[in-house]
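**Student:** Chain by chain, the residues run as shown.
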Amino acid sequence: MILDGKCPTGPIEKTWDKHRFDMKLVNPANKRKYKVIVVGTGLAGGAAAATMGELGYNVEAFCYQDSARRAHSIAAQGGINAAKNYHNDGDSVYRLFYDTIKGGDFRAREADVWRLAQVSNNIIDQCVAQGVPFAREYSGLLSNRSFGGAQVSRTFYARGQTGQQLLLGAYQALSRQVKAGTVDLKTRTEMLDLVVVDGVAKGITYRNLVTGEIESSWGDAVVLATGGYVNVFYLSTNAMGCSVTAAWKASKKGAFMANPCYTQIHPTCIPQSGEHQSKLTLMSESLRNDGRCWVPKRKEDCEKAAADIAEDDRDYYLERKYPSFGNLAPRDIASRAAKEQCDDERGVGPGKRGVYLGFQTAIDRVGEPMIKERYGNLFEMYEKITDENAYKQPMRIYPAPHYAMGGLWVDYNCMSNVPGLFVLGEANFSVHGANRLGASALMQGLADGYFVIPYTIGNYLAGVKPGEVTTDHAEFKKSREEVTEKTEKLLNINGKRTVSSFHRELGKIMWENVGMARSEESLKYALKAIPELRDEFWQNVKVTGEAKGRNGQLEDAGRVADFLEFAEVLATDALHRKESCGGHFRTEYQTDDGEATRDDENFCYAAAWEYKGEGKAPELHKEPLKFENVKLAVRSYK
Amino acid sequence: MDLTLYVWRQNGPEEKGKLEQYAAKNVSPDSSFLEMLDEVNNDLIENGIDPIEFDNDCREGICGTCGCVVNGIPHGPQEKTTACQLHMRQFSDGDSLTLEPWRAKAFPVVKDLVVDRTALDNIIESGGYTSAYTGEVGEANQTLISKPDSDYAMDAAECIGCGACVAACPNGSAMLFTSAKIAQMAVLPQGEIEAAERVQNMTEAMLNAGFGNCTNHYECEAACPKGVSVKFIAKTNREFVKALAK
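From first to last, the protein sequence lines are chains A and B. Going by my numbering, the first sequence opens with residue 1, and the numbers climb by one from there. Going by my numbering, the second sequence opens with residue 1, and the numbers climb by one from there.
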């Protein structure tokens, strides 16, 4: 099937304005009659629930955390992009649009990206109105810094806690609606099924994580804002609870999974220190404003302390390879460059899987107090984890799974191919193409939540009779029975291996074969190993406790079970995409100096995979991508 | 290193709890406190014992989900550190650790070390925001905010809502949590307009939720993993008096 993104036509500058006017509206008195379900309360979900509540819809919001304030958006450190051009340095909506299309290696839809760039400025205005304490100059004006993949300063930030402050802004707007009674917030609940009636999304089934009850809820539309799936690699920068479960359940009910192989490996994370490790910690990309990445020029020097390696014996490899962007090369490129140095046996630290990120040059230039003001909390965090003082010696960093550009397929209205099912933020595939630029995730989450879904959901609901299907419908009962049965099945296996041991093993398969570098051989191996591990899981996993009441092991088991199915689609997508682009690097498709080689003739499309049942290969559908404003070109940061 | 743990086990809010003794063996000094608990849980599962339930999520010290009282101190002995960022090199081989949930009237125990902190959300719902609708709200740089005011707001806004301040307070007060939000909003021009109403509503909501009042013990600041200062409580008191005069 050829998919249609339903993008508006005409000059790109007018697309969103024209579309906003063309969309149908629901009058204020009628909005009260509709009920909308929102799953996830991060930047996208929290903003969407708050805004739709303000508009007058009845919103029911769900999150697995104990409070809506804790979604993993909170951990974003560096900043949020906007095309304000406050610095008079040549920024514009067009440039943000261009940088994002190019940064995504020409694998995103132009119209979606244009809209994102256009509303980016409204986001900053909105957050300031909410009392978000962005960094400011002594003049009282907002401050900016630079991020990877851009040559302008367009990133707004709140120390190293931008995600926290933006999320608290959305959470507070949401709390105001909870108080006003427009939003019914259900915390500590996990969506375990999408209820589809006659091909249309009409509700969800979820587990109450305190009582263990399996319950259902109906809605005239269902909005998923459930984040990304890189915990499929086990060790990642995601929170422990981040999973593919909600998206995967929707996929099993007919929603297409688009470009799952586009995973972002973030270049600057603290390297793994041992087998006990449960997650990897990010060191913000903003550090590359002042930090310089290097390794010893000679293998013999790798064992020496950093201070004993003379300046001339250091290889500032990003500055060498990419002189015009230097240390601010985009993430996919910086990650691969780090891996390349380590593969060349010039890595540092335990296992030699690490590179240095040094600040001496910056400290000499602006002084330690200034560096402390800019990144103090990051240096503190680094010291707590590694017991090393990064003011005195360079940080050691290594790439780690961080973000999913792929996700559920959506059209220009953020609606999936299942009518009534909308997908926002990291959970959808829409704007980042094959690689996301730094400080663009926060922008997308809030754009989708504050400024896109409030319009597009009205356009959909205007054609729906409110409350036509409720939880009385037989499909809801069936859904609850299926979820209950699956829960019982997990608890009754009573095997020998812990849930986490399966997750760890899956992560190892994925990281080694479907990670930063992939080949036909490694992918074929993964596609053999994953089903084997999945079979063993269903024979030999040990899930303690009961279905009733709080049971963390049961929660984890369900998530790992879904990762074990989803991983196969991810690897299948990676195997089929016989080109290298952005975060998807196939070793067979590279230039002599190791740069990605795209194949626009054969792969300039979004790959959307349809679930066809257990043990069956997923079916590929394509959405061709057209580039009418930005010319398809080799992406160069040299 | 090897440690002995005494962990609070309680099956549900209505049930009685007690301390159980477990061994944590071969703990790496580089592992985090929660990774140490992961390993203990793996041992418990293998021995057919239900694992210890504890809340956690980001494991980067920012989401505010984790936390328990370690040897009488919320989040353990290291200053300005959440339980997930506490590393085992802070302890010595042979140490005994007693692990308890946050104890406060407003935080009923859900299970083991997990408590219900909905009461904190209720305080924010009562007024911890500006009433700005999403839409055209004016250009961001139209309103200048001095850097000291902006920094002050950010210092207050660093609160992660973990509840350690409540657990540390002899009165089980949420005054540090509440005042951090009141002070952040009061110092910003966007929040100033609703300041009087906000301080009254939020302090009332705090008391209604079952938290005690502040009697200046300052245990909250000492326990706060983000170092939120009690100066915001003084600011709140001032805002409260100003509101009464209106």
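Hint data in this document are derived by calculation from the structure and do not stem from the laboratory. Worth double-checking, as some hints may not be accurate.
Computed footprint of chain A on chain B; a stretch qualifies when at least three of its residues, placed anywhere within it, have a C-beta under 8 Å from a C-beta of chain A [unchecked claim]:
id : segment
1  : 1-8
2  : 52-59
3  : 107-121
4  : 157-164
5  : 195-204
Pairs of lysine-lysine residues, derived as DSSO-like cross-links and limited to a Cα-Cα distance of at most 30 Å, are as follows [stated by the list, open to error]:
id : chain 1 : residue 1 : chain 2 : residue 2
6  : B       : Lys105    : A       : Lys179
7  : A       : Lys508    : B       : Lys25
8  : A       : Lys372    : B       : Lys147
9  : A       : Lys186    : B       : Lys105
10 : A       : Lys542    : B       : Lys231
11 : A       : Lys612    : A       : Lys631
12 : B       : Lys16     : B       : Lys105
13 : A       : Lys252    : A       : Lys612
14 : B       : Lys147    : A       : Lys548
15 : A       : Lys372    : B       : Lys231
16 : A       : Lys179    : B       : Lys242
17 : A       : Lys496    : B       : Lys25
18 : A       : Lys352    : B       : Lys25
19 : B       : Lys246    : A       : Lys179
20 : B       : Lys80     : A       : Lys542
21 : A       : Lys612    : A       : Lys486
22 : A       : Lys186    : B       : Lys147
23 : B       : Lys80     : A       : Lys372
24 : B       : Lys18     : A       : Lys496
25 : A       : Lys548    : B       : Lys105
26 : A       : Lys179    : B       : Lys16
27 : A       : Lys392    : B       : Lys80
28 : A       : Lys542    : B       : Lys242
29 : A       : Lys548    : B       : Lys18
These numbers come from a predicted model, not from an experiment. Even glycine gets a Cβ: it sits at the ideal position worked out from N, Cα and C.
**Student:** Hint by hint, note whether the structure agrees.
**Tutor:** Quick rundown of the hints versus the structure:
no.: 1; hint: 1-8; result: violated (count 0)
no.: 2; hint: 52-59; result: holds (count 6)
no.: 3; hint: 107-121; result: holds (count 8)
no.: 4; hint: 157-164; result: holds (count 4)
no.: 5; hint: 195-204; result: violated (count 0)
no.: 6; hint: B:Lys105 / A:Lys179; result: holds (23 Å)
no.: 7; hint: A:Lys508 / B:Lys25; result: holds (25 Å)
no.: 8; hint: A:Lys372 / B:Lys147; result: holds (17 Å)
no.: 9; hint: A:Lys186 / B:Lys105; result: holds (22 Å)
no.: 10; hint: A:Lys542 / B:Lys231; result: violated (50 Å)
no.: 11; hint: A:Lys612 / A:Lys631; result: violated (36 Å)
no.: 12; hint: B:Lys16 / B:Lys105; result: holds (15 Å)
no.: 13; hint: A:Lys252 / A:Lys612; result: holds (8 Å)
no.: 14; hint: B:Lys147 / A:Lys548; result: violated (52 Å)
no.: 15; hint: A:Lys372 / B:Lys231; result: holds (23 Å)
no.: 16; hint: A:Lys179 / B:Lys242; result: holds (25 Å)
no.: 17; hint: A:Lys496 / B:Lys25; result: holds (21 Å)
no.: 18; hint: A:Lys352 / B:Lys25; result: holds (28 Å)
no.: 19; hint: B:Lys246 / A:Lys179; result: holds (25 Å)
no.: 20; hint: B:Lys80 / A:Lys542; result: violated (37 Å)
no.: 21; hint: A:Lys612 / A:Lys486; result: holds (19 Å)
no.: 22; hint: A:Lys186 / B:Lys147; result: violated (38 Å)
no.: 23; hint: B:Lys80 / A:Lys372; result: holds (17 Å)
no.: 24; hint: B:Lys18 / A:Lys496; result: holds (29 Å)
no.: 25; hint: A:Lys548 / B:Lys105; result: holds (25 Å)
no.: 26; hint: A:Lys179 / B:Lys16; result: violated (34 Å)
no.: 27; hint: A:Lys392 / B:Lys80; result: holds (22 Å)
no.: 28; hint: A:Lys542 / B:Lys242; result: violated (60 Å)
no.: 29; hint: A:Lys548 / B:Lys18; result: holds (21 Å)
The structure fails hints 1, 5, 10, 11, 14, 20, 22, 26 and 28 (numbered hints given earlier, in ascending order).
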